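**Student:** Residue strings, one per chain:
There are 2 protein chains.
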Amino acid sequence: MTTQPHRVVIIGGGFGGLTATQTLRRAANVQVTLIDKRNFHLFQPLLYQVATGALSPANIAAPLRSIVRKQKNARVLMAEVTDIDPQAQQVILSDGASVPYDSLIVATGARHFYFGNDQWERSAPGLKTVEDATELRRRILYAFEAAERETDPAKVREWLTFVVIGAGPTGVEMAGAVGEIAHHTLRHDFRHIDPTSARVLLIELGDRVLPTFEPDLSQNAMQTLQKMGVEVMLKTSVVDVQPDHITYKQGDQFVQLPTHNTIWSAGVQATPLGKLVAETTGASTDRAGRVIVEPDWSVKGAPNIYVIGDLANYAYEGGKPLPGVAQVAMQGGKFVALQIMRQLNGEDTTANQFHYLDLGSMATIGRAAAIAQIGKVHLTGFIGWLAWLFVHLMYIVAFENRLLIILQWAWNYFTRNRAARLITGKTPLMNVDETGYLVSIPEPKHVVEAER
Amino acid sequence: MTTQPHRVVIIGGGFGGLTATQTLRRAANVQVTLIDKRNFHLFQPLLYQVATGALSPANIAAPLRSIVRKQKNARVLMAEVTDIDPQAQQVILSDGASVPYDSLIVATGARHFYFGNDQWERSAPGLKTVEDATELRRRILYAFEAAERETDPAKVREWLTFVVIGAGPTGVEMAGAVGEIAHHTLRHDFRHIDPTSARVLLIELGDRVLPTFEPDLSQNAMQTLQKMGVEVMLKTSVVDVQPDHITYKQGDQFVQLPTHNTIWSAGVQATPLGKLVAETTGASTDRAGRVIVEPDWSVKGAPNIYVIGDLANYAYEGGKPLPGVAQVAMQGGKFVALQIMRQLNGEDTTANQFHYLDLGSMATIGRAAAIAQIGKVHLTGFIGWLAWLFVHLMYIVAFENRLLIILQWAWNYFTRNRAARLITGKTPLMNVDETGYLVSIPEPKHVVEAER
Chain A
-15 MTTQPHRVVI
-5 IGGGFGGLTA
5 TQTLRRAANV
15 QVTLIDKRNF
25 HLFQPLLYQV
35 ATGALSPANI
45 AAPLRSIVRK
55 QKNARVLMAE
65 VTDIDPQAQQ
75 VILSDGASVP
85 YDSLIVATGA
95 RHFYFGNDQW
105 ERSAPGLKTV
115 EDATELRRRI
125 LYAFEAAERE
135 TDPAKVREWL
145 TFVVIGAGPT
155 GVEMAGAVGE
165 IAHHTLRHDF
175 RHIDPTSARV
185 LLIELGDRVL
195 PTFEPDLSQN
205 AMQTLQKMGV
215 EVMLKTSVVD
225 VQPDHITYKQ
235 GDQFVQLPTH
245 NTIWSAGVQA
255 TPLGKLVAET
265 TGASTDRAGR
275 VIVEPDWSVK
285 GAPNIYVIGD
295 LANYAYEGGK
305 PLPGVAQVAM
315 QGGKFVALQI
325 MRQLNGEDTT
335 ANQFHYLDLG
345 SMATIGRAAA
355 IAQIGKVHLT
365 GFIGWLAWLF
375 VHLMYIVAFE
385 NRLLIILQWA
395 WNYFTRNRAA
405 RLITGKTPLM
415 NVDETGYLVS
425 IPEPKHVVEA
435 ER
Chain B
-15 MTTQPHRVVI
-5 IGGGFGGLTA
5 TQTLRRAANV
15 QVTLIDKRNF
25 HLFQPLLYQV
35 ATGALSPANI
45 AAPLRSIVRK
55 QKNARVLMAE
65 VTDIDPQAQQ
75 VILSDGASVP
85 YDSLIVATGA
95 RHFYFGNDQW
105 ERSAPGLKTV
115 EDATELRRRI
125 LYAFEAAERE
135 TDPAKVREWL
145 TFVVIGAGPT
155 GVEMAGAVGE
165 IAHHTLRHDF
175 RHIDPTSARV
185 LLIELGDRVL
195 PTFEPDLSQN
205 AMQTLQKMGV
215 EVMLKTSVVD
225 VQPDHITYKQ
235 GDQFVQLPTH
245 NTIWSAGVQA
255 TPLGKLVAET
265 TGASTDRAGR
275 VIVEPDWSVK
285 GAPNIYVIGD
295 LANYAYEGGK
305 PLPGVAQVAM
315 QGGKFVALQI
325 MRQLNGEDTT
335 ANQFHYLDLG
345 SMATIGRAAA
355 IAQIGKVHLT
365 GFIGWLAWLF
375 VHLMYIVAFE
385 NRLLIILQWA
395 WNYFTRNRAA
405 RLITGKTPLM
415 NVDETGYLVS
425 IPEPKHVVEA
435 ER
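These protein sequences, in sequence, are chains A and B. Be aware that the first sequence starts at -15, since it is given in my numbering, and climbs by one per residue. Be aware that the second sequence starts at -15, since it is given in my numbering, and climbs by one per residue.
Please keep in mind that the hints were generated in silico from the structure rather than gathered at the bench. Treat the hints with care, since some could be wrong.
Quick look at which bits of chain A chain B covers, simulated, 3 or more residues with Cβ under 8 Å [stated by the list, open to error]:
no.: 1; region: 14 to 27
no.: 2; region: 156 to 166
no.: 3; region: 169 to 177
no.: 4; region: 401 to 409
On a predicted model such as this, the values are computed, not experimentally measured, just so you know. Backbone N, C-alpha and C define an ideal beta-carbon position, used for all residues, glycine too.
Let the sequences and hints guide you as you build the complete structure.
**Tutor:** Structure (structure tokens):
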């Protein structure tokens, strides 16, 4: 006689949820259900390469079903979770169906945070999803096209001014990549405008870029950005974002800067499932909406519900929360999966400690330039970039993607080309209404005369 | 003293417009303006590979600016033409700007035609643009996901029934590719449903598939499709298309078939610029909206306005219109460009004849199966597929794309994998409103229990 399998439901197929799923591969008598709104795992660290036309979405995404195809004790459900019922031990899907669980792992991650100014999102989208990335790509490329058609020099300048708000890793990557697009990729592509005249501004509230790194690496990153033509503005706060300008504050000065191209990378908050877990279990959340978890990543009062990754606030060794990076999510996912397996073996797991192994952190700035901080070792420039390249290629899930990305990158590196320079989706040319992301469009009545 | 350059405005960067642009490369004292709504040239013959998750959009698209970067006498404008003024010799853009021309070439191609039933488009999208392709990809892949979550066998069957309407080259390609997805790519990816139980129907009004080919090749294509599990229904007309079913007529029988997945490939019509050219010049159009052109591709009464490609009805040697294929567009574009160059050299070009060189036609059916008709030579099966592969790779514009496509295809061929299996954009899970393409969604209230 076999006992009924232990049902583990995992919400979210990111780094945390996927690692938990795969760790449970060899668990005896466990049935895993991995639920995700999307049908693919997204390698978010390379998302900025999609936003800047260097890679296609499929290059950095792998279908969840492919990844767990051979894992007989796992199934994938493409569905949206709208409720959790800890008493009945089930999650509710948007279509009303319910999925029962014995153990629940919630790993839905984070999204942008506009610090209460949600209306800024339209004018300054962030970068978390594939749709965000193709939308940013559309905006960046369209700005050059709009400038080419424009005759008023002031308006040309508005289109060719790119503002990135927030100098964390994503902001630095985006600023560097937009600088490369303007100065190299599109250099010879236009007849009327000079793409190399584009301004790229990186605005940061703090006193250095990449503040989670050591000061010497921040310094190196800022110098590299400046060499690439990026204007870095520190100790600067953004007080307003509109479709055609932003307002920033430096000291006591308020400055209005005309631009159609603002990119948000200044803050993240937990996805709504964090609030749902807190409401249904009585757990607490922090200011960013993350669920405050116990030392074993479980939720206080609901020992069979775990929250991992960017959705959790884990006060490591009683100190400050672990950072929202892939390594924390993956190690948390593995730990929780092993805890569940040990419990099923009858072990008392209450005393088990989670140990975070800090493998270091890295950020890329541009072509052959990155910084890496691995313990006391600090790498910069080309060496830093090679380390970054190696780590990112090793962690990309599907082999095929790895091969294609190496080829695409090699090609991009030597030619400074970006092949995926497509403006897709709604463009201001296509008579769409105001739903979705749309920039305001000037209405010139001039003659676009060929230069003679 | 130099004379002012002759201004050639070309609308549309497809096969016709791009060939005309490139032919004018060596023209002395000519200024070319290539206008397109999109910033890329799309290799439409491979669009079905995007719709079926085998290639990414960027693999079959090349930025127009990259293509003409080194052509000093050409510029690209990303813009939408809303009017043509033959008297003032200028075209008007959607933002009100005007672009003056001395010679105008209109090459904006064709789009789907629903024979007066435009309301069918929502339920049965066609395949002409990158957005069409990612929308079809989303629908096809989502159908399997929805079936996996469904418990009612009748509803599972509705989701796993795919109907392709129209058995021209696109319809045959789509039916074959959907069959491969169900029978091979997704075969082991689901736990609840069996993807190989999916039905793929190809409905054709005529008495054979691929009616523009010789009967023996049609016969071969039909047998290949049937071996791949596609049900081919000839002499069948579709009388209604709804989100959850279609109604077709065979003989005197009306049959209602429940399905959520209908793909339209039954008809094309000219893009709206055809009507605009006719209205502003007094030229005639045919029933599909194509402009009837003179033997030199010019418009009657407007000798400096040319219409080429799928937008034109060219009665070749006084007989039936040339087909809407890439070769006709490219040869027409080259002829017109050379005519303009000869006129600038002072030649009288009125007596010049356009000669169409029929290089043959081909259609692919599936993995290592295609048909090709090159004069009296008929190729089928693997040999036909090699010919198809060779021709399509030779014509893909950018070298980089060619290399990546070969690699992706080789990988797909040996693994039967399709890497670009992303469900992107609006999905029924995401609480979107009814704008855009949306299928109706059943609302189950059942328990999605893991199999024990």
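**Student:** Can you confirm whether chain B covers the region 169 to 177 of chain A, using C-beta to C-beta distances below 8 Å and requiring at least three such residues?
**Tutor:** Per the Cβ count (6), the hint holds.
**Student:** When I compare C-beta atoms, does the region 14 to 27 of chain A have three or more residues closer than 8 Å to chain B?
**Tutor:** That given contact holds, which follows from 6 residues of the region 14 to 27 of chain A lying within Cβ reach (below 8 Å) of chain B.
**Student:** Mind checking, does the region 156 to 166 of chain A have 3 or more residues with a CB under 8 Å from chain B?
**Tutor:** With 0 residues closer than 8 Å to chain B, the region 156 to 166 of chain A misses the three-residue bar; violated.
**Student:** Are there three or more residues in the region 401 to 409 of chain A whose C-beta lies within less than 8 Å of some C-beta in chain B?
**Tutor:** holds (count 8)
The structure does not agree with numbered hint 2 stated previously, though it agrees with all others.
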